[in-house]
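*Asks:* Residue numbers (my numbering), protein chains in the order written: chain F, 1 to 288; chain H, 289 to 605.
Just so you know, the hints here were simulated from the structure itself, not pulled from any lab data.
Note that beta-carbon positions come from the ideal geometry of N, C-alpha and C, so glycine has one too.
Errors might be hidden in some of the hints.
Pair by pair, the computed Cβ-Cβ distance ranges are [stated by the list, open to error]:
#, chain 1, residue 1, chain 2, residue 2, range
1, H, Phe-502, F, Arg-79, 54 to 60 Å
2, F, Ala-58, H, Asp-376, 49 to 55 Å
3, H, Ser-455, F, Ile-250, 20 to 26 Å
4, F, Lys-205, H, Arg-381, 49 to 55 Å
5, H, Ala-329, F, Tyr-151, 23 to 29 Å
6, F, Ala-102, H, Tyr-518, 47 to 53 Å
7, H, Lys-363, F, Phe-193, 48 to 54 Å
8, H, Phe-516, F, Phe-82, 46 to 52 Å
9, H, Arg-381, F, Met-140, 23 to 29 Å
10, F, Ile-91, H, Asp-376, 42 to 48 Å
11, F, Phe-193, H, Val-517, 51 to 57 Å
12, F, Leu-32, H, Gly-591, 56 to 62 Å
13, H, Leu-446, F, Arg-79, 21 to 27 Å
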Amino acid sequence: MAVANQTNRSQNLARVRTGRSLKTAAFYLLVLVFMVPGVFIFFWMIGMSFKTQVENTAYPPVFIPASPTFDNYAAVFERINFFQITLNSLIIALGATSIGLAVGLPAAYAIVRYNQKKLGLIVLVARIIPAISFLIPWYMLFKSIGLLNTYIAIILTHVIITLPVVVWLMIGFFEDLPRELEEAGMIDGCSIFGGFWRIALPLVKPGTVATAILCLIFSWNNFIFSVILTGRDTKPLPVAVYSFLSYEEINWGPLAAAACLITLPVLILTLFLQKHIVTGMTTGAVKG
Amino acid sequence: MTQQAAPSAGELEILPVSQSGLKPKKPGSWFDRNAHILFPAPAVILMFVIVIFPIIYTIFMSVQQWNITSGSPPKFIGLDNYYKILFDDSRFREALIRTGELSLLAVTLQTVLGVSLALLFNREFWGRGILRTLAILPMVATPVAVSLIFVIMYHPTLGVMNYFVTSLGLPASRWTYDASTALPALAIVDTWQWTPLIMLIVLAGLATLSVEQFEAARIDGASRFQTFVYITLPQLRSVIIIAIVFRLIDSLKTFDIIFVMTGGGPGEASQTLNLYLYSQAFTYFDMGYASALVVIFFSIILGVTVLVMKLRRSQWQ
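Start from the sequences and build out the full structure, keeping to the hints where you can.
*Replies:* Next up, the structure:
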């Protein structure tokens with residue numbers, strides 16, 4: 001009787017255990033179902049860039065290249081001046097991010113400390129207006145003063161991407177900063193600018209870093225401004241890579257290699273700095 | 289720099305608590321007195337040059353007839369452009385409908401997927417950190433690069449998408465290569481890229497929920513599904529609506545993926561407002577007409593934003 005009871009109990013226990021591990025397995029399966037499509041695109045992009053033309057056009061598709069080749073990357077370097085174009089992308093992204101921070105940080109500070117809500121609203125409008133609306137006036141303006149195809153013009157236009165990001169993210173970070181800190185500094189003889197520069201800015205540094213990273217990524221990824229306003233000498237990576245595409249020709253290896261070259265730097269940056277990016281992407285959304 | 293003496297306790301008490309703006313102890317320099325103007329000044333000037341000027345210019349141009357290829361100067365025609373767009377332009381109307389279709393489809397898909405993903409990731413499980421990092425990669429990937437990869441994957445005869453679809457026993461599709469499927473195929477790309485944003489926003493919202501209600505529900509014997517429907521969802525509503533507003537504004541403006549993947553085609557099957565505007569401005573160089581389109585396009589986006597925000601407020605009351 002006692003023995004039977006015990007077996008019964010252990011059977012029950014085993015049933016609970018298998019039930020739980022089944023549930024865990026089902027949970028991971030569900031996660032997998034959601035995650036696989038997300039990751040597959042990257043897997044396919046990287047895979048194609050190392051496959052030969054024959055493998056890329058094979059049907060059924062080849063999933064793992066039999067003998068990985070670097071020919072596609074070589075083809076990219078042959079067809080475009082990759083280093084010049086990467087340099088263009090970097091100059092534009094760094095320039096727009098620097099200007100965005102230099103102008104946006106004091107503005108965000110003023111919006112918070114002097115309650116200048118209207119300025120904040122104007123900046124928000126810049127975020128809502130479709131990018132294409134700016135292109136006609138800018139195009140006409142830059143054309144008439146001979147600035148088409150210059151770094152100055154394209155960096156200025158990219159500020160419209162970076163400035164709203166800086167202002168809206170930094171408002172959140174400055175709001176979290178107790179104003180008593182600067183007031184204490186002023187009692188000790190700090191000027192207002194000193195309070196901003198020596199007390200507030202160092203304290204919001206993590207937020208500034210997150211903001212800067214997001215600005216760099218958004219500017220690096222931007223296509224619409226560059227495709228109209230840059231020319232042969234100043235075009236950044238997305239424009240150069242777009243010109244690779246022709247619908248008639250199925251030469252996918254170099255196309256995938258080019259896609260990898262633009263997007264891998266961003267992906268690697270994200271892998272290392274994902275905490276900052278998550279902060280940047282969600283600040284404002286949850287608070288607002 | 290001269291070292292200032294630390295204030296005594298008595299001095300501290302007299303100092304008024306400043307409510308509006310910071311006031312330094314010594315209202316000395318010109319810079320400090322005008323700090324509230326000087327801090328935002330660079331941003332205001334810059335905003336004027338790159339935002340306000342274009343807006344004024346666009347409104348001014350929208351009442352002109354002006355094609356820059358014609359070589360003749362702009363000619364004032366009043367509201368003719370607007371009249372023509374609103375009452376006599378079937379391409380505009382079709383583009384408007386397409387824009388709505390694409391946005392609704394994409395935002396609905398990514399909201400459902402994003403909220404589900406957030407609920408999955410709200411639990412503790414082994415590998416959560418790395419999986420979450422992988423999950424957010426799509427939204428930082430360069431849209432042009434993503435579009436190129438999808439163009440290849442969507443290829444009707446050699447693409448891997450049709451391989452998967454037919455392996456599952458479904459009929460093959462022509463994706464962006466066919467007028468009838470172009471918009472849904474583009475919505476899939478947008479969904480792939482932006483579902484993580486909704487997931488992140490909802491995850492952040494989930495982190496702020498109060499634990500007590502869940503405990504109370506459990507004690508009262510609510511099932512997991514009941515807890516979700518009656519406790520989690522209502523609390524999450526405002527966060528989800530914010531996520532939808534963010535995505536709706538951006539998806540109405542989708543440009544990169546359409547421009548790269550279909551160029552508005554096949555035919556005009558994926559020509560959204562953005563693409564229509566682009567072709568009027570930079571293919572036909574009809575700047576006056578395009579400017580009027582910009583004004584209308586912007587009004588639509590502003591209207592949708594205000595509408596959804598209002599909706600959100602009324603639900604709160």
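*Asks:* It remains to establish, for every hint, whether it holds in the given structure.
*Replies:* Here is how each hint holds up against the structure:
| no. | hint | in the structure |
| --- | --- | --- |
| 1 | H/Phe-502 with F/Arg-79: 54 to 60 Å | 58 Å, holds |
| 2 | F/Ala-58 with H/Asp-376: 49 to 55 Å | 51 Å, holds |
| 3 | H/Ser-455 with F/Ile-250: 20 to 26 Å | 22 Å, holds |
| 4 | F/Lys-205 with H/Arg-381: 49 to 55 Å | 51 Å, holds |
| 5 | H/Ala-329 with F/Tyr-151: 23 to 29 Å | 24 Å, holds |
| 6 | F/Ala-102 with H/Tyr-518: 47 to 53 Å | 50 Å, holds |
| 7 | H/Lys-363 with F/Phe-193: 48 to 54 Å | 51 Å, holds |
| 8 | H/Phe-516 with F/Phe-82: 46 to 52 Å | 50 Å, holds |
| 9 | H/Arg-381 with F/Met-140: 23 to 29 Å | 28 Å, holds |
| 10 | F/Ile-91 with H/Asp-376: 42 to 48 Å | 45 Å, holds |
| 11 | F/Phe-193 with H/Val-517: 51 to 57 Å | 54 Å, holds |
| 12 | F/Leu-32 with H/Gly-591: 56 to 62 Å | 41 Å, violated |
| 13 | H/Leu-446 with F/Arg-79: 21 to 27 Å | 22 Å, holds |
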